[in-house]
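Engineer: Sequence:
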Amino acid sequence: MPKMLAAGSIPDSVRWIARAVALAALAVGIYACSQFGPSCSTGDDSNPPEEFKGGAVVSGYYMSSPWSGLLLSFPGGKRYDLIHDFGCVPADVSCFESFSENGTSTGSIAPAAGNMCLIQSVDTRKIRIKNDSCSDYFVLVTAPDCRDGGADGSTSADGAPDSAAE
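Numbers in this note's numbering are just positions in the sequence shown, counted from 1, shifted up by 14.
Calculated from the structure, these hints are not laboratory results. You may find that some hints are simply not true.
Claimed, not checked - Estimated spans, in silico, between C-beta atoms of each pair:
1. Asp59 - Ser82: 34 to 40 Å
2. Ile133 - Arg29: 25 to 31 Å
3. Pro125 - Asp162: 22 to 28 Å
4. Trp30 - Ser114: 56 to 62 Å
5. Asn116 - Ser149: 15 to 21 Å
6. Ala124 - Arg33: 50 to 56 Å
7. Ile133 - Val35: 50 to 56 Å
8. Ala70 - Asn129: 49 to 55 Å
9. Ser82 - Gly128: 22 to 28 Å
10. Pro62 - Ser27: 19 to 25 Å
11. Trp30 - Asn129: 44 to 50 Å
What the hints assert, rightly or not - Subject to a maximum C-alpha distance of 20 Å in a straight line, what follows is the list of computed EDC-like cross-link-like pairs (lysine to aspartate or glutamate):
12. Lys67 - Asp159
13. Lys140 - Asp162
14. Lys67 - Asp95
15. Lys140 - Glu65
16. Lys67 - Asp99
17. Lys140 - Asp58
18. Lys140 - Glu64
19. Lys140 - Asp159
20. Lys67 - Glu115
21. Lys67 - Asp137
For clarity, every value in this text was computed on a predicted model and none was experimentally measured. Note that the Cβ used here is the ideal one computed from N, Cα and C, for glycine as well.
From just these sequences and the hints, can you work out the full model?
Structural biologist: Written as structure tokens, this is what we have:
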């Protein structure tokens, strides 16, 4: 007569199979969850900067585009080298973001926050910016024209006040 199991007891072979199935399901679940993470790469190595020379100086400010557009496409990880060619370093750089390529003509613009627009470097020739998020925006960048040095011409090549002019 076959051996009868006590009520509630499970053979070791069935336990081993159940554990293997549970472990396989866990592995599949972990893999599936990893596929829902960020779908973009924001690393600098995978996002070389794109040079942009289309900006203009308007009323004493470099502007990458007019307020009313066309703003620069700024997908996640995107980097730009915005060429201003002032020959001096602007003392201030501001980034503005919009969900509309046409800026204020069909939408609105707001100051960038957090990692929406990182200012990676500013020098006498260019401003490097980066969208360090995985969201897509349109960007407008402004910087004061430092070539005239303000009212008294007292800025140095790095944009700081020139102590000799004080």
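Engineer: Against this structure, judge whether each hint is valid.
Structural biologist: Do the hints match the structure? See the list:
{"no.": "1", "hint": "Asp59 - Ser82: 34 to 40 Å", "result": "35 Å, holds"}
{"no.": "2", "hint": "Ile133 - Arg29: 25 to 31 Å", "result": "59 Å, violated"}
{"no.": "3", "hint": "Pro125 - Asp162: 22 to 28 Å", "result": "26 Å, holds"}
{"no.": "4", "hint": "Trp30 - Ser114: 56 to 62 Å", "result": "60 Å, holds"}
{"no.": "5", "hint": "Asn116 - Ser149: 15 to 21 Å", "result": "19 Å, holds"}
{"no.": "6", "hint": "Ala124 - Arg33: 50 to 56 Å", "result": "54 Å, holds"}
{"no.": "7", "hint": "Ile133 - Val35: 50 to 56 Å", "result": "52 Å, holds"}
{"no.": "8", "hint": "Ala70 - Asn129: 49 to 55 Å", "result": "27 Å, violated"}
{"no.": "9", "hint": "Ser82 - Gly128: 22 to 28 Å", "result": "26 Å, holds"}
{"no.": "10", "hint": "Pro62 - Ser27: 19 to 25 Å", "result": "57 Å, violated"}
{"no.": "11", "hint": "Trp30 - Asn129: 44 to 50 Å", "result": "48 Å, holds"}
{"no.": "12", "hint": "Lys67 - Asp159", "result": "16 Å, holds"}
{"no.": "13", "hint": "Lys140 - Asp162", "result": "17 Å, holds"}
{"no.": "14", "hint": "Lys67 - Asp95", "result": "8 Å, holds"}
{"no.": "15", "hint": "Lys140 - Glu65", "result": "9 Å, holds"}
{"no.": "16", "hint": "Lys67 - Asp99", "result": "9 Å, holds"}
{"no.": "17", "hint": "Lys140 - Asp58", "result": "17 Å, holds"}
{"no.": "18", "hint": "Lys140 - Glu64", "result": "12 Å, holds"}
{"no.": "19", "hint": "Lys140 - Asp159", "result": "12 Å, holds"}
{"no.": "20", "hint": "Lys67 - Glu115", "result": "18 Å, holds"}
{"no.": "21", "hint": "Lys67 - Asp137", "result": "15 Å, holds"}
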